[in-house]
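Listed below, chain by chain, are the residues.
Number of protein chains: 2
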Amino acid sequence: MTAMETCSGPAVSHLTGLDMRHIRLCPAIAFNQIVGGRYKLHILCVLHRGPARFGEIGRSLLHGGLGKPITPRILSRELKELEERGLVSRHAYPVVPKKVEYRLAAQGEALLPILAAIVRWGATGAHEQILKVA
Amino acid sequence: MTAMETCSGPAVSHLTGLDMRHIRLCPAIAFNQIVGGRYKLHILCVLHRGPARFGEIGRSLLHGGLGKPITPRILSRELKELEERGLVSRHAYPVVPKKVEYRLAAQGEALLPILAAIVRWGATGAHEQILKVA
DNA sequence: ATCCTTTTTGTCCGTATTTACGATTTCGTA
DNA sequence: TACGAAATCGTAAATACGGACAAAAAGGAT
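Going down the list, the sequences are from chains Y and H.
Taking our numbering, the leading residue of the first sequence gets 24, the next gets one more, and so forth.
Taking our numbering, the leading residue of the second sequence gets 24, the next gets one more, and so forth.
For the record, the hints were derived by calculation from the structure and aren't laboratory data.
Fair warning: there could be bad hints in the mix.
No distinction is drawn between identical chains; accordingly, a pair holds when it is met within one copy or between any pair of copies.
Below, a list of computed lysine-lysine pairs in the DSS-like style, where the Cα atoms sit at most 25 Å apart [stated by the list, open to error]:
# : residue 1 : residue 2
1 : K155      : K122
2 : K155      : K121
3 : K103      : K155
4 : K122      : K103
5 : K63       : K155
Model, not experiment: these values are computed from the prediction.
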């Protein structure tokens, strides 16, 4: 128990061997705050393989999900939050019908290693076992 | 756009190069369902460096957190859920006052690579930048 | 007999998150 | 002119989530 430590451990993280002395906020908590909620992580998951439009994202959220489609209202809010935090960027084309593309921005790309770790974990089937989604 | 694909991409994930054909549920969604909420990830973070007792965990959640302590009621609920899902294991010692130790179980250990990725991400300060926690 | 510690649970309540539903904008098309 | 597609937002209802509070068990200490 050192005086200064984050949830990830003392000055030097056991998990990574990295010096965490300069970090104030637990990364795990922050991660939850940033991509917590029902859809944000899934949205980034969809965007990781390329830009997508509003409607496309909505439809993609059905694949691999638990059935219910996201309502446009919420997709709009989620995207706006992700944009405000620099995780995704928005590109509107002045055509009719309106066309808006979303893609991963810098802060979003920075999350890809985490996403990859999640996918690797998922590839073992552990998640389906835990949730009994055989 | 193949017929069978998860949110992580088509049959073979771009992100990891792994074959995902046998996976039904998007790992990202499952991850949220399993360790979503305010405390679960943080609890695993605390346990990753060794067993801890009920009270210890509660106190540890203050470090690196956003100030407020978790109430015993909630800590109890969270731990029970994590236990039911096989992420942590519970060991009660028949002493007075009661002593109960929690530690990572198999399914919890399987999450460590993800936790490590989150800590590495946090070590860059990206999370504090996004949340403006200068 | 009463208090203490540690862990756990029951019940109620307030807030935050999600949803449903509709309105709005824009300009090509029928 | 009326309609349609795509994206977005306003408002109110429904649900989930986190929190407050007190109580219970269990035996040693005062």
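Results of checking the hints against the structure:
no. : hint           : result
1   : K155 with K122 : neither (39 Å within a copy, 31 Å between copies)
2   : K155 with K121 : neither (42 Å within a copy, 33 Å between copies)
3   : K103 with K155 : between (33 Å within a copy, 17 Å between copies)
4   : K122 with K103 : within (16 Å within a copy, 47 Å between copies)
5   : K63 with K155  : both (23 Å within a copy, 19 Å between copies)
In summary, the numbered hints that this structure violates are 1, 2.
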